[in-house]
Structure formats: structure tokens, C-alpha cells
Amino acid sequence: MTFILRRLVQAIPVIILASIPIFMILHAAPGDPALMLAGEDASDAQIEAVRRNLGLDRPLVEQYVTWLRDLVTGDLGRSFISGLPVSRLIIQRLPATIELAVTAMILSVLISVPLGAWAAVSRGKTVDRLITVGTTFGIAVPNFWIAILLVLLFGLTLRLLPAGGYVSILDDPLRGFVYLILPAGTLAISLSANLARFVRASMLEVLPQDYIRTARSKGLRSGLVIYRHALRNSLIPMLTVLGVQFGRLLAGSIIIESIFTWPGIGNLMLTAIRSRDFPVIQGTLAFFMLIVILTNLFTDMMYGAVDPRIRLRGR
Amino acid sequence: MNATIGNQTAPSVASRNRLRGLLGGPRELLITGGVTALLIFAALLAPVISPYDPTKQLYGQELLTPTLQHPFGTDEYGRDLLSRTLYGMRLSVLIGLLAALVGGVVGLVVGLVAGYYEGWLDDVLGRLLDTLLAFPALIVGLTVAVILGPSAFNAAVAAAIINIPIVARITRAGIIGEKEREYSQAALALGAASGRILLKHLLPNIMPAVLVQLTLTVAHSMILEAGLSFLGLGAQPPEPSLGVMLKNARAYMRENPWLAIVPGASLSLLLLALSFFADALRDATDPRKRG
Numbered sequence: 001m002t003f004i005l006r007r008l009v010q011a012i013p014v015i016i017l018a019s020i021p022i023f024m025i026l027h028a029a030p031g032d033p034a035l036m037l038a039g040e041d042a043s044d045a046q047i048e049a050v051r052r053n054l055g056l057d058r059p060l061v062e063q064y065v066t067w068l069r070d071l072v073t074g075d076l077g078r079s080f081i082s083g084l085p086v087s088r089l090i091i092q093r094l095p096a097t098i099e100l101a102v103t104a105m106i107l108s109v110l111i112s113v114p115l116g117a118w119a120a121v122s123r124g125k126t127v128d129r130l131i132t133v134g135t136t137f138g139i140a141v142p143n144f145w146i147a148i149l150l151v152l153l154f155g156l157t158l159r160l161l162p163a164g165g166y167v168s169i170l171d172d173p174l175r176g177f178v179y180l181i182l183p184a185g186t187l188a189i190s191l192s193a194n195l196a197r198f199v200r201a202s203m204l205e206v207l208p209q210d211y212i213r214t215a216r217s218k219g220l221r222s223g224l225v226i227y228r229h230a231l232r233n234s235l236i237p238m239l240t241v242l243g244v245q246f247g248r249l250l251a252g253s254i255i256i257e258s259i260f261t262w263p264g265i266g267n268l269m270l271t272a273i274r275s276r277d278f279p280v281i282q283g284t285l286a287f288f289m290l291i292v293i294l295t296n297l298f299t300d301m302m303y304g305a306v307d308p309r310i311r312l313r314g315r
Numbered sequence: 316m317n318a319t320i321g322n323q324t325a326p327s328v329a330s331r332n333r334l335r336g337l338l339g340g341p342r343e344l345l346i347t348g349g350v351t352a353l354l355i356f357a358a359l360l361a362p363v364i365s366p367y368d369p370t371k372q373l374y375g376q377e378l379l380t381p382t383l384q385h386p387f388g389t390d391e392y393g394r395d396l397l398s399r400t401l402y403g404m405r406l407s408v409l410i411g412l413l414a415a416l417v418g419g420v421v422g423l424v425v426g427l428v429a430g431y432y433e434g435w436l437d438d439v440l441g442r443l444l445d446t447l448l449a450f451p452a453l454i455v456g457l458t459v460a461v462i463l464g465p466s467a468f469n470a471a472v473a474a475a476i477i478n479i480p481i482v483a484r485i486t487r488a489g490i491i492g493e494k495e496r497e498y499s500q501a502a503l504a505l506g507a508a509s510g511r512i513l514l515k516h517l518l519p520n521i522m523p524a525v526l527v528q529l530t531l532t533v534a535h536s537m538i539l540e541a542g543l544s545f546l547g548l549g550a551q552p553p554e555p556s557l558g559v560m561l562k563n564a565r566a567y568m569r570e571n572p573w574l575a576i577v578p579g580a581s582l583s584l585l586l587l588a589l590s591f592f593a594d595a596l597r598d599a600t601d602p603r604k605r606g
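For the protein sequence lines, the chains are A and B, in the order given. Using our numbering, read the first sequence as starting at 1 and increasing by one per residue. Using our numbering, read the second sequence as starting at 316 and increasing by one per residue.
No lab work stands behind these hints: they were computed from the structure. Treat each hint with caution, since some may be false.
Short derived list, chain B residues pointing at chain A, Cβ under 8 Å [said to hold, decoys possible]: (1) Leu457; (2) Ile538; (3) Ala541; (4) Leu546; (5) Leu548; (6) Gly579; (7) Ser583; (8) Leu587.
Note that the Cβ used here is the ideal one computed from N, Cα and C, for glycine as well.
Use the sequences and the hints to build the structure in full.
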């Protein structure tokens with residue numbers, strides 16, 4: 001319990017530190033937000049009124065504290081363009097992003113665990129080398145180029161899959177899935193390459209252990225030993241990796257959403273950046289920031305729960 | 316590429332731990348290093364070896380598929396794709412090297428200070444680095460692009476910022492590890508000043524690990540620039556950037572798929588070369604990490 005509490009307390013300065021650049025966006029970015037909102041033809045008095053309304057005439061520190069307080073209570077302000085609350089815009093776009101990220105995550109685990117385990121048990125053989133080279137490709141080649149190639153091949157040339165667009169998987173599971181294949185598949189390629197490397201390395205640490213030899217010498221079938229003893233134990237550290245990778249996955253989804261015109265939070269953010277809709281930019285960035293910090297926190301706790309030594313060490 | 320991959324022959328054992336020993340070292344290192352150097356030189360020499368001016372628009376020659384005059388064809392404005400790709404690679408390389416250099420130097424200093432002095436300074440720096448590290452590169456890149464405005468240079472600034480904690484962390488960990496070793500304790504016991512121990516004894520021993528990280532850092536910086544440019548938030552047209560080229564290609568790839576294939580393949584080639592080189596460098600300098 002104290003471990004969880006300490007982690008929570010430690011997250012506070014991180015949140016404060018990370019929120020400062022997001023807050024500063026409104027002030028550091030070129031252009032006067034009050035002028036933008038009031039419009040080109042507005043009189044000085046009107047601009048001044050807008051500025052007061054936004055609280056931009058107050059001291060910077062006071063503005064920051066107000067902004068952070070609102071942020072914590074879920075009030076992210078209103079869009080300069082549509083006038084809608086930013087929190088509502090984010091909630092509207094959330095399902096699409098979750099659908100994409102979760103599907104990509106599941107796909108990557110399904111691909112990477114068997115692949116990494118296979119490479120580990122055939123260490124040094126051709127299979128292992130092929131998988132290692134393959135994962136290097138998966139990690140090094142940028143996902144937006146992979147996405148373009150997949151669109152070119154499956155969307156434009158073979159016409160097997162839609163080149164973009166979105167149907168909610170809740171409204172129409174089959175069509176929703178068809179639209180998910182390319183974007184989620186693209187995201188899964190680089191993620192599963194990263195994970196497969198990790199599973200391989202982790203398995204290689206477990207395989208020489210005594211309990212594996214004991215299991216083998218008891219006469220258990222090799223497949224059973226690998227599955228029940230080696231793989232299970234090597235997947236514990238994978239929890240942390242999944243946590244860190246989830247943040248990367250979300251960041252990667254920003255570009256992928258833009259390529260596949262996926263109506264998620266990444267696209268919301270990019271549209272906001274192009275139209276200089278500062279509250280939406282800040283809101284979406286804060287959202288990503290919070291998700292990253294929370295997943296890190298969550299994986300820390302999970303890790304502590306799974307492995308008691310972690311809890312003790314940090315005292 | 317294949318030639319650089321499959322040869323997992325055992326490297327010579329002698330003096331593997333020191334960078335000096337690398338010249339006569341493992342074959343993979345020479346091959347991957349050679350390919351990487353070749354690509355980087357080709358990119359830097361773009362102004363010399365490009366057949367055309369990358370921004371010159373040839374009217375009536377738009378969207379050509381490969382010909383003898385234009386080995387990769389032309390884009391929607393009739394610009395030579397090969398020349399643009401070479402210039403795009405040049406921009407990638409320049410930004411990658413710049414960001415790795417700046418981020419590397421700052422990260423090295425921060426890591427040295429944090430690792431050597433520990434205490435409250437290390438705590439504060441560590442907290443700062445953790446915060447930066449937690450953020451995916453693209454999120455930092457987008458934030459910087461919004462605050463400073465979209466340009467190739469600002470993409471390099473963002474990449475440098477991202478590189479600082481990565482290099483600092485590896486430096487700090489290395490220093491803490493080396494500090495406890497006998498040679499360092501001996502130097503301390505002999506009365507050597509801490510600055511001298513740091514620079515003369517500790518730094519050379521952690522440099523191999525830092526260099527491996529820097530190689531990867533160049534690649535990561537290139538990806539960030541290309542990604543931001545692809546989103547329209549990095550290099551601005553008509554500057555030939557591989558990201559911008561890929562962005563523009565999407566509207567015309569039905570007519571000329573080469574527009575989408577060539578810039579992406581060139582970028583991937585650079586990234587793969589750097590990645591295999593980093594792997595070889597790590598294997599050669601740290602036998603423990605060999606998988």
C-alpha cells in the first residue's frame with residue numbers, strides 16, 4: 001500500500017513538470033489568441049474584452065494555477081473554432097482511438113510472443129537470425145511509410161481493403177473490422193517487432209534456469225516446459241514493456257490516424273494544430289501526457305504486485 | 316543489405332572492449348559501418364551528384380515513370396525524383412547528425428554530473444530526465460512545432476531535446492557503474508581530482524555504450540524529422556525532405572507509385588544501415604549484450 005502511495009506522490013511533480021510546456025503553448029506560440037478569437041475586424045476594446053474573458057490579462061503564474069486546477073477537474077476549456085468543450089471533443093473521439101490502440105496491442109502480443117519464443121528456443125539457428133533481422137526491419141522502417149505501402153498494395157492496387165475511413169466496430173462489427181485491418185496492422189508491425197525482441201531476450205534469461213532443467217528432467221514434454229515454465233515466467237517483465245510501449249503506440253497512432261483518416265484523438269490534435277485551435281491542442285496534448293504517465297504508474301504498480309522484490313527495493 | 320546481416324561469425328576476441336581495437340575488429344562492424352558511411356557520404360554529396368536541381372520544375376514532364384533521363388521519374392511538378400531524394404537524404408542526415416551532436420553533448424554533460432555527484436543534484440536531474448523520457452518523441456516534436464513553428468530546423472531542435480535524456484541516462488548509469496570499480500577507487504585514493512577521474516578514467520570506459528546510443532539517436536532524429544514533415548509540421552515545401560515527399564506522394568501514387576516508394580525506401584535504407592551498424596558496434600564493444 002505504501003508503495004502505491006509513494007508512486008502516486010512521485011507522479012505529482014512529473015505531472016506538474018510536463019504540464020508547463022503544454023500550458024506555455026498558448027503564450028509562446030506566435031500570434032495573439034485574443035486577436036484570433038475576436039477576429040481581424042475587432043476593435044481594441046473587443047480584443048481586450050476577449051483577453052479578460054480568457055484570463056490572459058492575469059499574471060502568468062495565476063493563469064497557470066487556474067489552468068492546472070481546471071485540467072485536474074476535467075475542464076479543458078472550449079475550442080476556439082467550434083466553441084464546444086474540449087473535453088467533449090476528446091470523449092467523442094476516444095472510442096476510435098481506443099479501438100485502434102487496443103486492436104494493435106492485441107495483434108502485437110499475438111504476433112510477438114510466439115515469434116520471440118520461437119527465436120529464443122532456436123537460438124543461433126537460421127530461424128532465430130531471420131526473426132532478428134525481421135524485427136530490425138520492423139523497428140527501423142518508419143510506420144508511416146509501411147502504412148503508405150500497405151495502402152498502395154491492398155487499397156489501390158489489389159482493392160482488397162479500404163484505403164481509409166472508419167466504421168465503429170460497435171455499430172457494424174464486420175465492416176468495422178475491415179476498416180481496422182490496415183491501420184491496426186501497421187501499428188502492430190513495429191510494436192510486435194519491439195515486443196518480439198523483448199520476449200526473445202527475456203526467454204533467453206529464463207531458459208538456462210535450474211527449474212527449467214528440473215521440469216525437463218521430470219520428463220515433461222519440451223513444448224509444455226517452454227509454454228508452462230519458460231514462457232510464463234519470461235512474460236512477467238513484459239508488463240513493463242507493454243506499459244512503455246503503449247505510450248509509443250498512442251504517439252504512433254497520431255500519424256496512422258492521419259493517413260487512414262481515422263477520426264481519433266490524433267486526428268483531432270492535428271486538425272487543431274493546423275487551425276491553431278490552442279485549447280484543443282493543449283487538451284489533446286494533456287490527454288496524451290496523462291495517459292503516458294498513468295500507464296507508467298500502472299505498470300510500476302502491476303510490476304510491484306507481480307514481483308514483491310520491486311516493492312521492497314525502493315524504500 | 317543482406318551482406319551486412321547474415322554473417323554472424325565470431326569476432327576476434329582481442330581488445331574488444333576498447334574502441335581502438337575496433338579497426339581490426341569484427342567483419343560485421345566493417346561492413347555495416349562501410350554501408351552506413353557510403354549512404355551518408357552519398358547524401359552529403361547530393362549537390363555534387365544530383366543530376367538535376369531538386370526544385371527545378373520541368374513543364375510537360377510531370378509524373379513521369381522512370382526513364383533514362385529520370386531514373387526514378389518525376390513528381391507532380393516535373394521535378395526529378397532522384398535529385399529530390401538525394402537532397403532529402405541530405406536533409407535527413409544533416410538533421411540526424413545535428414540533433415545527435417547537440418543532444419549528445421548536453422546529455423553527456425548532464426549524465427556525467429548526475430552520475431558522478433549523485434545526491435540531491437542527481438535526484439533533481441533524474442526526475443527531469445524521467446519526465447522527458449516518458450514522452451514519446453512525436454508528442455515532444457509536435458509540442459515544439461506548435462511553439463516554435465514548423466520547420467526542418469525546429470524538428471532538429473525537438474530531436475535534440477528528446478536525445479538529451481536518452482544519452483544522459485546511459486551516461487549516468489555507466490558512470491555509476493564505473494565509479495565503484497577498483498581503478499577508479501585507486502585514482503581517488505591517489506588523490507586525483509574528481510574532474511580528472513571523470514574525464515581521464517571514467518569517460519573513456521563509458522564511451523562505447525554512448526556511441527552505440529548516439530548511432531541510434533541519429534536514426535531516431537531522422538524518423539522524427541520525416542514524421543513531422545510528413546504531417547506538414549517539419550520541413551516546408553519546396554525544401555526537399557523525404558517526409559514532405561511522402562506526404563505529397565499520397566495524392567499522386569496511383570499515377571506514379573515510385574513517388575511513394577523511393578523516398579520511403581531511401582529513408583528506410585538509411586535507418587536500417589544505422590540500426591545494423593549500432594547492433595554491430597554494440598556486439599563489438601560489449602560482449603555481454605550479445606544475444
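Check: Hint check: is the beta carbon of Ala541/B less than 8 Å from a beta carbon of chain A?
Finding: 6 Å, holds
Check: Is the interface hint for Leu546/B satisfied, with its Cβ closer than 8 Å to some Cβ of chain A?
Finding: 6 Å, holds
Check: Are Leu587/B and chain A close enough, Cβ to Cβ, to be under 8 Å, as the hint says?
Finding: 5 Å, holds
Checklist line | Interface hint outcome for Leu548/B [beta carbon to chain A under 8 Å] | finding: 7 Å, holds
Notebook entry, point to check: At a threshold of 8 Å, is the proposed contact between Ile538/B and chain A supported by beta-carbon distances?
Noted result: Status holds, d = 5 Å.
Next item on the list: Tell me if Leu457/B is really an interface residue toward chain A, meaning its C-beta lies closer than 8 Å to one of theirs.
Entry: Holds, because the Cβ-Cβ distance from Leu457/B to chain A comes to roughly 7 Å (cut-off 8 Å).
Check: If you take the shortest Cβ to Cβ gap from Ser583/B to chain A, is it below 8 Å?
Finding: With a closest approach of 5 Å, the Ser583/B hint holds.
Next item on the list: Using Cβ atoms only, decide whether Gly579/B comes closer than 8 Å to chain A, and label the hint accordingly.
Entry: With a minimum Cβ separation of about 3 Å from chain A (threshold 8 Å), the hint on Gly579/B holds.
The structure fails none of the hints (numbered hints given earlier).
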